[in-house]
Amino acid sequence: MGIMKFAPTMLKQLFEKPVTKNYPAEPINYPEGSRGHIDIDIQQCISCGMCMRVCPPGAITVDRKTRTWTINRFDCVQCGYCTTVCPKKCLYLNPGYQTPGPEKYIYSQTHVLTEAEKQHEAEMEAKKQAAIKAAMAKKAAAAAAAKKDGAAPDAAAKPADKPQA
Amino acid sequence: MAKKRSVVPFGPQHPVLPEPIHLDLVLEDEKVVEAVPNIGFIHRGLEGLTEKKDFRQMTYVIERTCGICSFGHGLGYVETIENIMNVEVPERAKYLRTIWSELARMHSHLLWLGLISDAFGFESLFYQSWRIRERVLDCLELTTGGRLIFSVLEPGGVLRDINKDQEKEILKQIGLVEEELKEVEKAFLLDYSVQTRLKGVGIITKERAHEIGCCGPVARASGLSYDMRKLGYEAYGNLDFEPIISNDCDSYARCEVRIKEIHQSIDLIRQAFAKMPEGDLSVPVKGFPKGECFTRIEQPRGEAIYYVKANGTKMLDRFRLRTPTFANLEGLCEMLKNCEYADVGILCVTIDPCISCTER
Amino acid sequence: MAEVINPGNTMEVIPLEDLLEEVMKRKHQGLRFDQACAAFVDGNFELSYSFSDDDAYTFDTLRVVVDDLARKIPSVTAIYPCAEFYENEMRELFGCQIEMIALDYKDKLYRLNVETPMLPEAGKKALKEALCAAENSPCNDNAAGSVKNVSEDGGDK
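Protein chains in written order, with our numbering: chain Z, 112 to 276; chain D, 6 to 365; chain C, 24 to 180.
Bound-form chain Z, shown alone:
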């Protein structure tokens, strides 16, 4: 037991420079892989929606039609589960935290189609239309064959409904 055991440590502190950083005048060095915020390489994104389904707090929404990826930064807990499940590995945990603000900040990115993708999309769409057309023609032919002897008055209307349904 003794008194003033801590005095030497405290006196030493008088001559040392402060332990704390002079933030924000001095910037912070985040280590690599620090869990700051989620970011996306939107051009890689295929809008599969896996990140939306696994997100524990439900911060991410993916719109397939408009190819939009949206995150509510205030709901995100930086667990990084979305980055592990992403099939294209286009989600990243970047260093640097979300700055505080007066309202909920929603971050959104939309996938813009490149020329090649547009062409591919158009081809796919054309193929789809062709397939529908072929199916309709087939149905019509089958219906016509079935109704040949019956000769129903509204035979044409029926097969036209089918592909839509």
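No lab work stands behind these hints: they were computed from the structure.
Since the structure is predicted, the reported quantities are computational estimates derived from the model, not experimental observations.
Heads up, the beta-carbon is just placed ideally off N, CA and C, and yes, glycines get one too.
Treat the hints loosely; a few may be bogus.
Restraint-style ranges between C-beta atoms, simulated for each label pair [said to hold, decoys possible]:
id : chain 1 : residue 1 : chain 2 : residue 2 : range
1  : D       : P282      : Z       : A246      : 55 to 61 Å
2  : D       : E96       : Z       : A245      : 57 to 63 Å
3  : C       : D77       : Z       : E127      : 45 to 51 Å
4  : D       : N91       : Z       : E137      : 34 to 40 Å
5  : D       : H19       : Z       : T177      : 50 to 56 Å
6  : Z       : E137      : C       : N136      : 33 to 39 Å
7  : D       : L181      : Z       : E137      : 19 to 25 Å
8  : C       : N136      : Z       : G207      : 35 to 41 Å
9  : C       : H51       : D       : H19       : 36 to 42 Å
10 : C       : A156      : Z       : G169      : 51 to 57 Å
11 : C       : L43       : D       : E96       : 32 to 38 Å
12 : C       : V137      : Z       : G212      : 54 to 60 Å
13 : Z       : G169      : C       : D78       : 45 to 51 Å
Given the coordinates of chain Z, work out where chains D and C should sit on it, guided by the hints.
This is chains D and C only, laid out in the frame that chain Z set:
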């Protein structure tokens, strides 16, 4: 003449309390005769989330039960799931988990040292403890990306590795922690004014500690050699250590046990780095768990019990988490009996209460 | 290398009548009370009481399955006083009818605005019906019906 009794409410808002707990103290003059704890201010129903989140998402939910014991909770949960599904985790992952949980223990104990010095009014000791803690937090941020909540666990292994450079950095930093702690612990263990506040205060005898089911440093400070790491989960079976016990049974003993445990953790991390093999980080886990299991883990604050009941679908039937503070609350009531009113604040801190965990 | 002591966990399913006796046995063996918890599985309450040994690190669980939800469950706090928080929690979150708890918080351990929050909807309904059946009073599902009945009863008197 019969002494007059009065009831004094203590908390949930009080300068020494880091988290809300309410105590009804029955006083006889300045002496506390009885204390009735009252919790429930921050019950969030995380156990009930098993209805809405699948078992993999729950890993991340459970880690966020508490800011300080987060790694322990995640570890306990994935271990329980692995036990149910009979998954053998790769050796390297086991060592990594051990290293991280020891680092978490170090920062939790350093936090506690700061809180207790704040409770007995030694402000500069509080600054020093937290300054040392910052080194541990930096190591954790370097390797896992998070300072307090790491999210590096998954059923079947871990998600991040520690490379050679990071290993060197951690060993350097914990060397500095050891050096600096040796200087600071002199004040905790030898200083006259600190001892007057801690020695002989809040005694729980060995028998009582066993009877009321104390765990963790509280039990070990009462002479019970009760440390779940002895079960040999993860890599603890390959490391050399003995539970640290003290027979003084008072607040000073609890402080001493925690300081020695920081040194023990430093030693365990060095051993683990020396023995860590190369290899995979995780094994794929397919399918859903079915069955039930109890798992026990030694967390910084004591023994935590995890219970999972799974029915073969992706949602769990029941998840239960018994936190160390839930068991130590009984110890707190025991300590508060016949103590001075002025010591109540210190005694509340000596069990290292973590009310957020306790209420889940 | 340190010695590893891991005897593993054991579980024993016992009827509710034997609960206090078995717990008493554990007390005489010098075991510590580790935890108690409830679960609602397949329309039954599953209560688990765990005990462990300080030196041997055994973990011994007693499992009680209560199929009648309104059945009164004796408290073990007379044997292990430290079980009071666990039992209060079980009763508050699941609605198990545990009686004679040494330190009874009267469902005010946590500050909740929902009764028995951990029970699924079906469980809540079953519990309500079982409680009504136990008290021999007619059970009303909707609030409007119960209000009406009360006014009728009042009118009769």
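Structure versus earlier hints, numbers of those that do not hold, lowest first: Those not satisfied are hints 4, 6, 10, 11 and 12.
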